[in-house]
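Using the sequences and the hints given, assemble the complete structure.
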Amino acid sequence: MPNIKASILSVKSDAKRHAKNAAEKSRVRTASRRVLDAVEAGNADEAKSLLTVACKTIDQAAANHVYHKNAAARKKSRLARKVNALAK
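When the letters of the sequence shown are read in order and numbered with the UniProt record's numbering, they come out as residues 1 to 88.
Hint data in this document are derived by calculation from the structure and do not stem from the laboratory.
Be a bit skeptical, because a hint or two may be false.
[To be verified] With a straight-line Cα cutoff of 25 Å, these simulated PhoX-like cross-link-like pairs (lysine-lysine) come out:
id : residue 1 : residue 2
1  : K76       : K25
2  : K20       : K56
3  : K76       : K56
4  : K88       : K56
5  : K82       : K25
6  : K5        : K16
7  : K76       : K20
8  : K76       : K48
9  : K69       : K82
10 : K20       : K69
This is the structure we're talking about:
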């Protein structure tokens, strides 16, 4: 633990930020996993509806600066590609 007051506060705020970011990333992973499970099951309608939820979750994470906007776009694109391949 640091001795300098500013460093002590920095450690605390870092821990808070880490917890928030970890929770946000977990939400994104869960939404993505649900889409992928629907794709593996061959459930096209469910996969499409879950994709919209996942895209919204990813966009929210990008807006909160958890992910870079290009990383968020890449995640959404990869999910959409899998869902669209299922529809064909």
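Against the structure, the hints come out as follows:
A distance of roughly 14 Å separates the Cα atoms of K76 and K25; the hinted pair therefore holds under the 25 Å criterion. As the CA atoms of K20 and K56 are separated by approximately 18 Å, the hinted pair is consistent with the 25 Å bound. Proximity of K76 to K56 is assessed by CA-CA distance (about 9 Å); at most 25 Å being required, the pair is judged to hold. Note on K88 and K56: the hinted pairing holds, with a Cα-Cα distance of about 24 Å set against a maximum of 25 Å.
Of the supplied pair hints, the one linking K82 and K25 holds, its CA atoms being roughly 21 Å apart against a limit of 25 Å. Between K5 and K16 the CA atoms are separated by roughly 17 Å; this keeps the pair inside 25 Å, and the hint holds. For the hint pairing K76 with K20, the CA-to-CA distance comes to about 21 Å; that is within 25 Å, so the pair holds. As the CA atoms of K76 and K48 are separated by approximately 12 Å, the hinted pair is consistent with the 25 Å bound.
Only pairs whose Cα atoms come within 25 Å are accepted, and K69 paired with K82 is accepted, the gap being roughly 20 Å. Restraint check: the Cα-Cα separation between K20 and K69 comes to about 18 Å, which is no more than 25 Å; the hinted pair holds.
Going through the hint list in order, the structure satisfies each hint without exception.
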